[in-house]
Amino acid sequence: MRRGPGSLLLHAVLFLGAAATLTPLAWMLAASFMSPGEANTFPPRFLPQHPTFDNYIALFTRIDIARHFLNSVVITVAATLASVVLNSMAGYAFAKLRFPGRERIFRTLTLALVIPAQVGMLPLFLLLRELGVVNTYAGVLVPYLASVFAIFLIRQYVLSVPDDLLDAARVDGAGEFKIFREIVFPVIKPILATLATFTFLSVWNDFLWPLIILSESSKYTLPVALAGLVGEHVQDTELMMAGSVITILPALVVFLAFQRAYVRGILSGSVKG
Amino acid sequence: MSTILERQQARAALQFLAPALTLIAVFFFLPVIAGLLLSLTDFDIYAIGALDTARFVGLGNYRDLLHSTLFWTALKNTLYFVLVGGPLSVAISLAAAVLLNSPRLRFRPFFRTVYFAPVVTTLVAVAIVWRYLYHPRYGLLNHILGWVGIEPIDWLGDPHWSMPAIIILSIWKNFGYNMLIFLAGLQTIPEELYEAASIDGAGPWRSFFHITFPSLGPVFLFVAVTTMIGYFQLFAEPYVMTQGGPLRSTTSLVLLMYEEGFRWWRMGVASSIAFVLFLLTLGGALLQLRLRRARA
Amino acid sequence: MEAPGRGAPAWFLACLVGVATGCAAPSEDDPTTIRFWAMGREGEVVQELVADFEQEFPGIRVEVQQIPWSAAHEKLLTAFVGRASPDLAQLGNTWIAEFVALQALEPLDVRIASANTLAPSDYFSGVWDTNVIDGTTYGLPWYVDTRVLFYRKDILARAGYDAMPVTWSGWLESMKAVKRTVGPANFAILLPVNEWTQPVIFGLQTGSPLLGDEATRSAFTEPEFRKAFTFYLDLFRSGLAPSLANNEVANIYQEFEKGYFSMCITGPWNLGEFQNRLSPAMQDSWDTAPLPGPDGPGLSLAGGSSLVLFRGSPHRDAAWRLVEFLSRPEQQVRFSQLSGDLPARREAWADPFLTQNPRTSAFWEQLQRVVATPKIPEWELITSRILEYSELAAREAAPPDTALARLDADVNRILEKRRWLLGRDRTGGTEGHVSP
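Which chain is which? The protein sequence lines are V, G and X, in order. Mapping of the first sequence onto the numbering used here: residues 1 to 273, in sequence order. Mapping of the second sequence onto the numbering used here: residues 274 to 569, in sequence order. Mapping of the third sequence onto the numbering used here: residues 570 to 1005, in sequence order.
Okay, chain V solo, but in the shape it has when bound:
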């Protein structure tokens, strides 16, 4: 808007908004350093009186959160790698390879975007049961490996790669895979970074599917373990806050490190949309 509010008012409002947005996270951090019971006092505190690492120590010793952290890391990294490779190949194929039925198949995939993931979760669970991968890493990974949204994202970006480049290479006798590996892949690195960030964040934070497929606590990812803890330790506010911090921190770090790539991904899917 051209004629917006006065600059001072504008900044004041935005700073207030920023404070409101950050307060829950700040309190979470502060409470994680409070002694047991301190977070449940009246009136509520903003800062711990005597900051302590006890809650974090308890998480690592009593609750074995390192194991859940490891599970999350393994699953998220594997999913990210697989997603980048598989979806980039598929996205490239839809964008640049000519083959019969390309548009029809692509349109069918669009359908998947409107179908909520929950619709297939139960049958998927039963299917994976037959395959014997319930309660395994493989079982958790299955829905994350390929996604229609990711294929769309890649295809959109790859469309901008000039065709002559590829045709020239073909005329020179290069095979399709070589073209992909040596010409296309380096050029689309930015969108791959976007996809990797996207996948990382969505898999790290996913809850319902790991909740369904994992039944042994030693295999739980952080979100599932955290939800389980709430059942047992709802009184231990400070402990739960420490758990939340550990769960959120990697996601925030990845986001801050790859902000530009991530934001680009959100925008490319929408504004042209």
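Hints should not be assumed to be uniformly reliable.
What the hints assert, rightly or not - These stretches of chain V come out as covered by chain G in the derived footprint (C-beta under 8 Å, 3 or more residues): (1) 6 to 19; (2) 94 to 103; (3) 175 to 181; (4) 192 to 206; (5) 246 to 252.
Hints listed in this document are in silico derivations from the structure and should not be mistaken for laboratory results. Nothing here was measured: the structure is a model prediction, and the numbers come from that model. Positions of the beta carbon are idealized from the N, C-alpha and C atoms, including for glycine.
For this one, chain V is given, so just place chains G and X on it according to the hints.
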């Protein structure tokens, strides 16, 4: 020569597509179709023990849903969330984007990052944090409301406030996402339009309604549809914070589906709920598209 | 012409599959490690007993997994359906019927018969009965739970009663007297409106079968249950009980101490909790008593947990050793001391640890008069409906008749499949045999 190249491309396409498409076909489309079929049976715990006890019931599950008070409650709650929370969330995102788009603004990247941060946080983790923030006595929210003289509210214990509590959490968590999209859209609107308008004497509100809002058309539609689709899938917040209560006021369709499917193992019923969800989502999306077309 | 990278995607796929199957392989190589799932506090304290078991049986290692009660039911079912169940688990005895319908549990009759240290007569008959489905025993009771009255002796005395009455009418009179003593701001009894146990207990006491026709039809609109439901709702209507949910009372121990309410119906875990959380001055002011019934001492729920073996487990013999171990009277006593739960084995009650505490006698007495709730898979679901509709009625959000009618309709719909299965078994005789 060209046909050899074409065949080479087609062959390569098969290899490039096979992994991803096979995975999607087998682990997404197939289960979805199976879900539809399951919803036509009374597959339940007996059937898991002995498959021959499953019966084909046609639309029986859907008919039972229509007679189930719990289903209507879940539907009502979900629509409450979608139709109140959705527009609120979009409005706040738009407002934030408009403010951030102001040319006089300094520290834009800082604000953008801060406002977006909640989006990347883990929902379960923040739901737990907000559960404590909402405590009637020890929670920060009532404490802060007390500074402006508002009496303590039993956010998660009072059936009238439980859904608003979840809406507030949801807005806090998601507004940054749509804000970013709106921001990008706003930045494509040419300055000259605003200058011309201000010369004509238009105030900020009129500029907004006559220039900003119409120019954002396609972006707005995208945001509205995607937000709505996402909001129909409300699950983690009630699961972690209220378990669907109090008095079933926060039981959403997906939560009900999870209960029917994984607590009671009435998978035929659960699948029918999932399909109703799908139809609602599809219907909502189509409706918005049509409205948009009608307006244009 | 360079060969197209035909192998490349395939090679990558093969890698993925390799990783996947590697991850899918069972993690345990040791054939004598048994996986034991236990809930809540029991899961925490059983580790100590397990340590001794492992010493006595060096060839068997036990992995205890503790699950929170709030998620236990779904976790156990999901694990079984996903073919990932443990070897041995603690199971709430009201869940046994479900797992039997799934054909998940190993029948134990042969093992019990050949174990010369175990016999049904060692246990409370009402509790033992909860483990027997269709003539076959599927679980061994581990600890028992039933509901009795916990009350303020001193307030009752001030109201003119030196003992808890044993009939409903006497009890009602005592509650009215208490109310007169404590005043309009306080209450005689706390009955959380979001619990199904109170309406069901009253129903059992009036002789309602809860479900009729071999548990295929709702009996909630029959006269017996109506009588119980009316009795229950009258307690709220006459101001003897507050219409509050259990999470609406900030701290029941504080409220009990303050005299906000003088009676409540609760279970054995509160024996320890009351001792720990009430102030020392209060310790002589409270007591327990068996439940009054319509015409004399009343029935209560046959609750508790059993130990069950899963049918598909390759380590059933080793798991059974652990079950036998945990059923030894001395282990029962030890477990009781650690967990605060009451032992399932009658012999264990002779231990001074229990006899020294006079308040456990109310439980001993009540356990002679406990009865199982309908032993069908749908029961858990039905209790959630009972809870919802009775809460509506207690909060006066719906008239009692409407609430019961809706409950009736819901339950009949839930039981439709069971009716069909029983009918089919009668006419045809197929594998999917359902217990009447």
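Outcome of the hint check:
| no. | hint | verdict |
| --- | --- | --- |
| 1 | 6 to 19 | holds (count 7) |
| 2 | 94 to 103 | holds (count 6) |
| 3 | 175 to 181 | holds (count 4) |
| 4 | 192 to 206 | holds (count 3) |
| 5 | 246 to 252 | holds (count 4) |
Of the numbered hints listed earlier, not one is contradicted by the structure.
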